[in-house]
Structure formats: structure tokens, C-alpha cells
Amino acid sequence: MCATCGCGTDETRVTAVGTAAVPVHAHDHDHPHDHDHPHDHDHPHDHDAADAPAHPHTHTVDIEQAILAKNDDLAVHNRVWLTERGIVAVNLMSSPGAGKTTLLERTIREAGAGRCVSVIEGDQETVFDAERIRDAGAKAVQINTGSGCHLDASMVRSGLEALRPANDDLVFLENVGNLVCPALFDLGEARKVVIISVTEGDDKPLKYPHMFAAADLVIVNKTDLLPYVDFDVDRCERDARSLNPNMTWMPLSARTGDNLGAWYDWLRGLTPAAD
Amino acid sequence: MHELAIAESIIDAVLERTGDRSVTVVRLQVGRLSGVVPDALTFCFELATAGTAIEGAELEIAEPTGRAHCRDCDVDFVVDDLILLCDCGSADVEVVAGRELSVTSVEVA
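Sequence lines, in order, name chains E and P. Using the numbering used here, the first residue of the first sequence is number 3, and each one after it goes up by one. Using the numbering used here, the first residue of the second sequence is number -13, and each one after it goes up by one.
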């Protein structure tokens, strides 16, 4: 990572576990970052002539473009590509350690989804999660985002090219553990799932409203630990519904298997295209 | 820190239109419900524009207020956060403003 600004000079990498990492979209940026211009900006900017234009030596170019237009276009492309192949893509988001990978491992081992599963794993570093998925019995590709805090549609496109899912598969897009940034980026998925675990506290929906507002399904994981923590499931659901009245709410335990039937039923009801 | 990715997207969108011309001002709309923090974006923008034709450009950010429409009582109201509840008690509410995230215009030299 660039020590000056934290930007991702170290490139996103895609690894089909068991093979060498391949850098993708170089974001070429061969920047020296020496950046020694003083930024003193001591030009007067006083513009005291009332009738003078604000920027007398410049002219205005209208742009009128959504900032995320490029990502959104790529996401549409991904969605069409997936839908044409009958593939269901589910974007899984949570904070680190909420149990995304554990839930996927169990889902794969129990063949609970009713479709063949493959996974695109997003993490800043390591291929640990892709290895866990492979060991559970599914195809996996690891995307390492370097300093990046979320998956974007371009990374998912590269991931799909490396993963080569079969027609009618279920592809999980396991996002980088983060309850903030992934909420803004459409990946082309059919559904967004947010997982919160009871050890994190029941105040998360109101603390991270964008994430919960975007979710189709909210899973409360680690319900086996409820006797040991102060987590008010009803309060958490009420808060999440105040942000998103139409989401599906699903407490479960990926470790003990409690209520996993509801998760499997939900997965089996999915169709490739988002509504 | 998705603001860095947002800043890079802004730079791409602007450079596509302005090429090598020097850009002195970039104007954005960042709605109050957009999930993007203007201060963080300004910080990232300055870093990410280094070495580009936009380096040193001033960022002018308009922050449209959040507004929602209640389908039950047919009233528009201001929302400061994403808790979408009308005074009438209805949650059947649609956000009509505040999610803007766009580049509106630039000044080129």
C-alpha cells in the first residue's frame, strides 16, 4: 500500500486457489507522490468586481454524470452475464468475523442451496477464505483488494472470468469484512445479504444504516451465544426495519445449525435476476 | 474509506471529458443521505488528483438535503437520516432527494 495516501498501488489480485495470483486492473497510477507543491493557495480569490464571473479565465464544462456510473454500468453488464447463464449471485456483507465464511462452508457441505455453489472471496490479503471454501468442496477464487475496503463491479467481473461458474450455479460474492463501504457498490448481484453476529451488539443497524437499508436479507448469526451476551434480538430487528421495512429477518447459528433450514429455503427460492 | 474509490471515479469521469486541459474547479452533488462524507472525499480528492490535470482543483460540493414522500398521507418531508418514518406513523416512505452522487460541472482553464 502506498504509505503516503493509502491508495492501492499494490493492485487488486485474483487467485484461483492453488494457482499464482494474477493482478487485475492495474489502476496504473505510477505516481511519485512527491507532492511537494506547497498548497499555500495565496492567490487572492477576492473577485470584488460584482459583475465579474466567478472564474474569469476559465469556462464551464457541464458533466452531469453519476460518480459511480462506471461501476454501475459494469454491474449491469455482470447482471446480464449472470442472468443469461441462469446463475444466481448473492452479495454477502458483514463486519469481519461475523461468520460469512463459516455459513458458506456449512451451506456447501450440507448442499443446502439446491444449486452447485461457487464463491468469489474478497479480502484485503491472504487466500485463507478461498482455501476454506475449496476444502468445503466448492470452487473458489480469492480477490485481494490490497488497501481496498470493498469489492467493486470490475473486481467481480475479473473474479467471474477466473471462477468460470457453470450455468445455473449459485455464486456467493463474499465481500470484504466492512459494514460501511460495500453498501455503495453494486456488483451485479441478484440479492444483498447482511450478516450481523450477536457478539457485535444490537446497535449495529442504527450505527451503519446504509448497509442495513440496502439489504434484502439480514441474518443474525451466532444465536447459540445469545445466553452469554446482551443482544436484544427484537430491538435489533425493530431498528433494522425502521431503515428497511421490507427486508427478510433471519436469526440462525451457522455453528450449531439452528434455523439453517430458513436460510436454505430462502436460497432455494432465488432466481437469477434481481426484481 | 470508500471516499478514495469515489475520488478516483470522479477523476475518471472528469478526465474523460476534459482530457489534458487544466481543471480549476470540480463541482459535485453529494446528498446528505448518499453515504459519502464530504470532508473525507475532499481529503482523498486532493491526494488522488496529484499528478493529473486536475491537481490543485478546488472541490465545490453541494449537499442536497434528504427529502422523502409518504405514500400514505401524500406529504413530502425532510429526513436527516435513513430512518424513514413519516409523522403520520407510516413507514411506506420513498426517498425523493438526498442520495445524489454526481459530478455536475467543472471549470477548465
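Hints may be right or wrong, so weigh each one.
What the hints assert, rightly or not - Just so you have them, the derived chain P footprint on chain E, three or more residues with Cβ under 8 Å:
#, stretch
1, 96 to 109
2, 147 to 160
3, 178 to 185
4, 250 to 264
Stated by the list, open to error - Not close to chain E: a few residues of chain P, all C-beta gaps over 10 Å, as computed:
#, residue
5, L45
6, A48
7, C74
Hint data in this document are derived by calculation from the structure and do not stem from the laboratory. Virtual Cβ for every residue (Gly too), placed ideally from N, Cα, C.
10 Å Cβ clearance of L45(P) from chain E: Non-interface label stands for L45(P): nearest chain E Cβ at 12 Å, farther than 10 Å.
Claimed clearance of chain E by A48(P), with the beta carbon kept past 10 Å: holds (13 Å)
Verdict on chain P covering the stretch 250 to 264 of chain E, criterion of 3 CB contacts below 8 Å: Violated - the stretch 250 to 264 of chain E has 0 residues with a Cβ nearer than 8 Å to chain P, which falls short of three.
Outcome, coverage of the stretch 96 to 109 of chain E by chain P - at least 3 residues whose beta-carbon is closer than 8 Å to one in that chain: It is violated, with 0 qualifying residues against the three required.
Per-stretch coverage check for the stretch 147 to 160 of chain E, three Cβ contacts closer than 8 Å to chain P: holds (count 4)
Per-stretch coverage check for the stretch 178 to 185 of chain E, three Cβ contacts closer than 8 Å to chain P: holds (count 3)
Check on C74(P) being off the interface with chain E, judged by Cβ distance over 10 Å: Given a closest Cβ separation of 15 Å, the condition holds.
Of the hints listed earlier, those the structure fails to meet are numbers 1 and 4, in rising order.
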